[in-house]
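Participant: Each chain, letter by letter, is given below.
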Amino acid sequence: MALVLDEEQRMLKDAAREFLTANAPVAQLRALRDERDPLGYRPETWRAMVELGWSGVLVPEAQGGLDFGHVGMGQISEEAGRTLTASPLFATAVLGVSALVLAGTGAQRAALLPAIVAGELTLALAFDEGPRHDPNVVATRLRKSGSGWVLDGAKAFVPDGHSADCLLVSARIADSAQLALVLVERAAPGVTVERVVMADQRNSANVRFAGVAVASDAVLGGGEDAGAALSRLADIGNAHLAAELLGLAQEVFQRTVDYLNTRKQFGVLIGSYQGLQHRAAHLYSEIELLKSLVLKTLQALDAGSDEVPVLASLAKAKAGEVATLATNEAVQMHGGVGMTDELDIGFFMKRARVAEQLYGDHRYHLQRYASLCGY
Amino acid sequence: MALVLDEEQRMLKDAAREFLTANAPVAQLRALRDERDPLGYRPETWRAMVELGWSGVLVPEAQGGLDFGHVGMGQISEEAGRTLTASPLFATAVLGVSALVLAGTGAQRAALLPAIVAGELTLALAFDEGPRHDPNVVATRLRKSGSGWVLDGAKAFVPDGHSADCLLVSARIADSAQLALVLVERAAPGVTVERVVMADQRNSANVRFAGVAVASDAVLGGGEDAGAALSRLADIGNAHLAAELLGLAQEVFQRTVDYLNTRKQFGVLIGSYQGLQHRAAHLYSEIELLKSLVLKTLQALDAGSDEVPVLASLAKAKAGEVATLATNEAVQMHGGVGMTDELDIGFFMKRARVAEQLYGDHRYHLQRYASLCGY
Amino acid sequence: MSDLEQFRRETRAWLETNCPQSQREPVVEFEDRCWGGTKWKFTSDDQKRWLEVMAARGWTAPDWPAEYGGGGLNKEETKILREEMQRIGARVPLFSMGLSMIGPALLKYGSEALKRQHIPNIVKGKIWWCQGYSEPNYGSDLAGLQTRAEDRGDHFLVNGQKVWTSYADRADWMFCLVRTDPAAPKHAGISLVLFDMNTPGVTVKPIRLISGKSPFCETFLDNVRVEKDQLVGELNRGWELATYLLTHEREMIGSIGQSNVDARLYPAAIAELGLVHGQLADSALRTDIARWEMDHRAFELTAERITDEATAGHGVGAASSMLKYAGTEINKRRHELLVAIQGQRGLVWEGDAYDHGITATQWLRTKGNSIEGGTSEIQLNIIAKRILGLGRE
Amino acid sequence: MSDLEQFRRETRAWLETNCPQSQREPVVEFEDRCWGGTKWKFTSDDQKRWLEVMAARGWTAPDWPAEYGGGGLNKEETKILREEMQRIGARVPLFSMGLSMIGPALLKYGSEALKRQHIPNIVKGKIWWCQGYSEPNYGSDLAGLQTRAEDRGDHFLVNGQKVWTSYADRADWMFCLVRTDPAAPKHAGISLVLFDMNTPGVTVKPIRLISGKSPFCETFLDNVRVEKDQLVGELNRGWELATYLLTHEREMIGSIGQSNVDARLYPAAIAELGLVHGQLADSALRTDIARWEMDHRAFELTAERITDEATAGHGVGAASSMLKYAGTEINKRRHELLVAIQGQRGLVWEGDAYDHGITATQWLRTKGNSIEGGTSEIQLNIIAKRILGLGRE
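Chains as they are written, first to last, in the numbering used here: chain A, 1 to 375; chain B, 1 to 375; chain C, 1 to 393; chain D, 1 to 393.
Careful: at least some of the hints might be erroneous.
[Claimed, not checked] Listed next, the in silico DSBU-like pairs over lysine-lysine satisfying Cα-Cα at most 35 Å (straight line):
hint	chain 1	residue 1	chain 2	residue 2
1	C	K213	C	K186
2	C	K385	D	K385
3	B	K13	C	K385
4	C	K385	B	K264
5	D	K79	C	K385
6	D	K79	A	K13
[Claimed, not checked] If the Cβ cut is set under 10 Å, some of the chain D residues that face chain A in the computed set are:
hint	residue
7	I127
8	E300
9	L323
10	E377
11	A384
[As the list claims (entries may be wrong)] What follows is a list of derived Cβ distance ranges for each label pair:
hint	chain 1	residue 1	chain 2	residue 2	range
12	B	R208	D	I358	23 to 29 Å
13	B	D6	D	P136	43 to 49 Å
14	C	P65	B	E51	51 to 57 Å
Bear in mind the hints are in silico, worked out from the structure with no lab data behind them.
By construction, the Cβ of each residue, glycine as well, lies at the ideal position given by its N, Cα and C atoms.
Model the full assembly from the supplied sequences, consistent with the hints where possible.
Facilitator: What follows is the structure, encoded as structure tokens:
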């Protein structure tokens with residue numbers, strides 16, 4: 001399959017850039033921060049995204065979606081990385097939808113996906129239980145109780161966890177090695193949500209479940225082992241985080257290049273110094289390498305390729321490293337003003353690190369890649 | 001203790017540089033290579049070193065040595081790194097002497113050290129058994145036989161192994177966890193030596209022992225466990241290899257700076273390009289950092305500090321990284337001519353990698369450091 | 001007993017008597033270290049008393065001449081005082097840019113009158129000094145500065161804008177680089193002047209950084225009157241002083257990585273990640289931490305070695321650029337690793353449970369280390385040109 | 001059935017019949033791939049026959065015009081031929097700088113007479129071409145070249161020295177950059193000429209590299225007579241051709257990392273070090289290998305993506321510099337890691353038991369990748385200036 005976007009994907013990308021630049025630029029995130037907005041995103045922006053069909057890009061046509069695939073969705077993720085737009089896009093339209101598509105029964109999909117498409121339901125995936133990604137640690141327990149189930153445990157740093165309508169919670173089924181994904185209303189009795197304000201000013205939350213009643217039909221797939229689905233969900237999350245970091249890196253790099261072509265010191269443009277030129281050219285090359293990994297990974301997701309786990313780890317690892325380099329170079333090359341909050345550069349740096357840490361940083365993924373290859 | 005050389009040490013360093021530059025420059029190593037010299041060093045150069053007292057720098061005065069310590073010897077190691085001088089200095093005067101001082105009985109020291117000081121005996125430490133340093137692997141076996149012992153096994157990549165008069169062989173004592181260091185004549189029955197020509201044109205050899213008879217008094221320390229001595233020997237070896245690599249890095253860097261200040265392209269000195277200036281300045285800074293670690297490690301050896309293992313690993317790890325960077329930058333900054341055998345630059349690169357691999361590369365030592373710290 | 005042994009014994013006894021117990025506790029909060037000045041609020045009577053008894057002996061500036069209020073100690077005595085203070089964990093009684101920067105510059109370049117006016121106040125911690133160097137368009141290219149000081153006979157009239165004046169909002173006086181000859185080549189028309197921050201026309205506006213609130217300010221100078229006798233050194237020869245002061249600043253910033261009592265990263269990593277088969281669970285992080293500790297140790301030893309070489313009289317010059325470059329880059333790496341060790345927790349911005357985001361704010365703050373006091377690029381230029389002699393035709 | 005399907009079927013059948021089994025074996029030795037030329041010694045009758053049958057159809061240069069002996073295939077057919085050859089593992093029948101460099105240049109810039117003279121011989125592998133570009137003092141600064149071609153009416157008289165002419169000792173003809181107008185600005189006085197290496201005055205001396213023997217030579221040109229009709233393109237407009245040729249060379253060198261059938265490093269590492277708890281025994285090396293494999297995969301995909309983008313008609317220009325830079329740096333890292341995996345064994349220089357030091361010689365040879373065909377620094381300059389637009393006032 002050719003490593004290029006098709007016509008439809010290019011149009012979607014262009015439309016996304018146009019919309020986000022006009023309606024949800026970095027200034028929006030800054031305003032949310034300055035206002036200490038409790039929701040953490042602009043409902044009207046999300047509403048507009050829903051109207052553009054973005055909530056349903058990954059939803060099958062049967063449930064009212066566009067069924068446009070991960071390459072398409074990845075273009076939106078990338079563009080949202082450029083503008084640092086906060087919205088339920090990642091937690092709901094990428095992870096929530098994917099969870100239902102991967103693990104939901106026909107009835108669950110039919111019930112929930114149209115609501116997501118319509119913008120009536122937001123989700124959050126409650127997955128990790130500590131500050132560092134570790135899919136092997138699932139201490140949250142789901143046990144049978146009468147005709148239903150009961151959920152106990154805690155989840156940490158759940159993106160959108162304090163704002164989503166419902167939480168998709170991974171849990172171990174008591175007395176088995178099996179994993180389950182269950183749907184819990186955020187407002188349900190026994191659920192405690194504590195918002196954590198992160199450096200990137202996105203929503204994150206620590207969530208505790210104390211004897212939360214879960215109806216049988218709220219267990220995705222009716223209780224079939226969700227281990228494979230969870231693993232794929234993490235890959236999907238990482239692929240889109242990589243796309244987001246790619247967009248972020250490109251944008252902060254472009255701003256840096258523009259600055260190098262504007263700022264003068266010692267009577268010449270600082271972009272005329274070869275020391276900075278070579279570093280900028282190296283970073284350009286790194287971003288080009290990242291682009292290819294991200295696109296290949298998104299294509300592999302759509303093709304259902306066996307290579308998905310390997311590629312997702314490579315893409316996320318490279319994205320983490322490139323975004324770190326791009327944001328560090330951005331601050332350094334901007335000099336003093338790069339350190340001021342007045343410029344947006346710091347917002348890129350903060351988001352880059354949080355997105356890298358989510359679902360595993362570059363070290364985690366390099367090691368996961370090696371393990372997947374058997375070394 | 002102040003991190004500076006005292007007056008005597010500085011004089012020794014200056015004398016070493018003077019002697020080596022005049023009598024054993026890189027051209028000597030080149031000639032040895034071109035002549036495919038079977039010994040691998042110039043006996044007359046070694047003879048002159050002996051006359052300067054270098055074979056006895058680490059030997060106690062009681063055995064006719066200078067007892068000048070590792071800081072002193074390290075200055076010679078460093079200067080020999082600048083000139084890439086091949087000689088029995090490392091294998092005999094550093095490792096051989098240290099083995100006897102650390103593990104020898106009074107009688108053994110009295111018998112052998114004066115011969116080393118006089119230049120009448122050369123040694124080689126037969127330590128590793130594979131191409132990568134691993135002190136835990138000692139399959140060579142020493143077993144009791146009558147009033148003496150019998151040695152069986154094989155050692156790999158022994159520096160000076162094919163030219164030294166005697167080999168100091170590490171072995172496990174049969175039916176025990178104890179290690180021994182035994183002295184075996186290279187020409188003894190049952191010893192097979194196969195020279196391996198390395199990229200750096202130094203002596204190295206694979207040695208096999210098949211039922212080699214070892215007299216009781218040829219077992220260092222009379223058979224007391226030599227484990228601690230062997231571990232310290234590796235630290236000593238690494239400290240002096242780090243010193244050698246420091247000298248090598250400084251010399252190849254100086255040659256590179258000189259070239260940058262001579263060669264013109266596009267009508268200007270290539271040293272006026274900021275891209276190269278910044279890389280050169282970074283390398284300068286790295287070399288300065290290395291200097292301090294090397295000196296501190298040598299001082300710690302002389303002081304018998306508990307920190308020796310930690311410092312030896314830090315110094316060797318940093319030395320390996322800095323010498324790799326210095327030689328890679330040297331070739332790249334010299335451009336095409338740096339790739340030609342006509343220039344000496346390649347000799348520095350080859351020696352840098354062999355010296356790094358010997359007794360553990362930077363990765364080995366970073367990990368050893370972490371383990372020593374308990375993480 | 002030698003004089004020095006005698007001095008050590010007396011000093012030890014005096015410190016034991018005079019240093020309050022509370023002033024022997026490690027410094028935790030910013031205010032634990034007294035910066036002095038008219039606006040300073042002492043955290044305790046002990047802090048005030050400790051400053052006063054030390055200042056009375058001139059031991060806030062132990063090696064400055066006694067005639068201006070300094071301690072008048074020689075090198076050996078100064079070292080002994082430091083050692084004895086360290087022995088009991090005594091805090092420095094006063095920490096200021098007066099002591100570290102303008103004081104030494106005044107002693108070297110200032111007129112007798114200026115010394116008499118300012119040095120005793122610096123020693124006593126009466127005045128908080130801030131520096132006026134960088135300007136919005138002149139950061140790395142400091143010598144391009146445009147703040148004008150017009151000669152008005154008995155005084156200068158100063159107009160312009162300074163940035164990165166740290167603690168300008170708490171400071172009493174500024175030492176400020178100004179252009180006194182706009183017609184001269186850029187390095188030749190600069191002077192260093194001193195003025196009271198209460199002078200009419202001085203306006204201060206704090207700068208918010210990516211790491212949050214900061215001590216840095218923009219300072220606007222609008223027809224500020226500066227008396228002629230507050231010129232330090234010769235007119236239009238201020239660049240020499242600036243260079244002298246920058247070297248001091250460089251050394252201060254380059255040593256940031258050193259100031260930590262225990263800079264090792266692995267204890268935190270073990271606590272956070274745990275060990276598997278005796279090794280840190282994340283082996284890639286383990287290697288990165290080990291490499292950082294290698295470089296950090298090498299850096300500390302290098303700072304020590306260069307001091308020792310200078311003491312022994314055979315140091316190289318221009319070492320401050322190398323130390324500034326290496327020290328700040330290593331410190332930046334340190335904080336990247338601290339975030340990596342803590343994962344998401346290291347990126348929390350607010351909240352009692354997370355120490356108010358201290359890990360993240362410190363991490364972001366260190367990004368400025370390689371910019372302030374001369375960027376890493378400027379330091380590399382200095383090394384390349386002055387030490388390596390590159391690019392001279 | 002479409003024409004293309006028909007073409008594929010016929011090609012498959014023809015290859016099956018005509019490609020000797022021995023020419024379907026992987027290339028191991030240098031000579032396994034035929035370079036042609038008058039001095040070429042075929043390794044077997046099969047190799048000779050394979051060249052002849054393919055050349056007869058013009059399929060050594062499948063997309064070149066049939067009128068000059070090329071295959072005359074369109075893009076799709078060329079791709080099908082490649083795929084079908086790969087399917088059976090067929091070796092390329094001919095590999096040469098005639099095909100990859102001077103041939104395309106002649107087709108684009110050469111006179112009709114030059115095309116008729118040279119292209120058919122390139123297609124048939126009759127002539128081995130070498131390039132005369134760099135000179136001792138003009139490597140990166142290629143346009144500064146000093147080799148003079150004096151106009152002597154019906155011919156040029158060429159004097160000078162070329163370096164890095166690869167395989168000059170086996171080549172039949174050289175395409176050579178010469179200065180035809182010493183008075184013009186340096187880029188404006190250069191021309192590209194062709195001459196027979198047997199011409200009197202041509203002397204070749206091999207260059208020994210740090211990796212040992214090499215195909216590179218110094219070529220001395222002493223009153224070499226070059227006929228006027230061997231001028232390619234216009235007089236003094238040779239720089240345009242040089243740029244065209246350099247781009248081709250860059251792409252060739254940048255793709256070095258790609259040519260390996262299996263570039264993965266971890267199988268060798270597992271074989272050498274073994275696994276502990278399922279992981280490579282050296283965890284630091286494990287991370288370095290994984291990071292290399294990440295970059296290598298990213299590079300391969302990038303080369304693919306850029307080709308696909310070009311095919312789709314929306315590629316960026318100047319990508320060859322990025323690929324050349326990234327590809328050669330990644331390949332250098334690969335060989336550093338191969339040495340690290342093998343330890344001392346990877347640094348053996350001689351000996352049957354050690355594959356004659358192949359690991360070490362290849363490692364050393366790769367150091368030249370980022371120098372030949374335009375250094376990494378030159379590529380970074382091109383990216384900075386042409387793609388990023390940096391430094392334009």
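Participant: Please flag the earlier hints that this structure goes against, numbers listed from lowest up.
Facilitator: 5, 7
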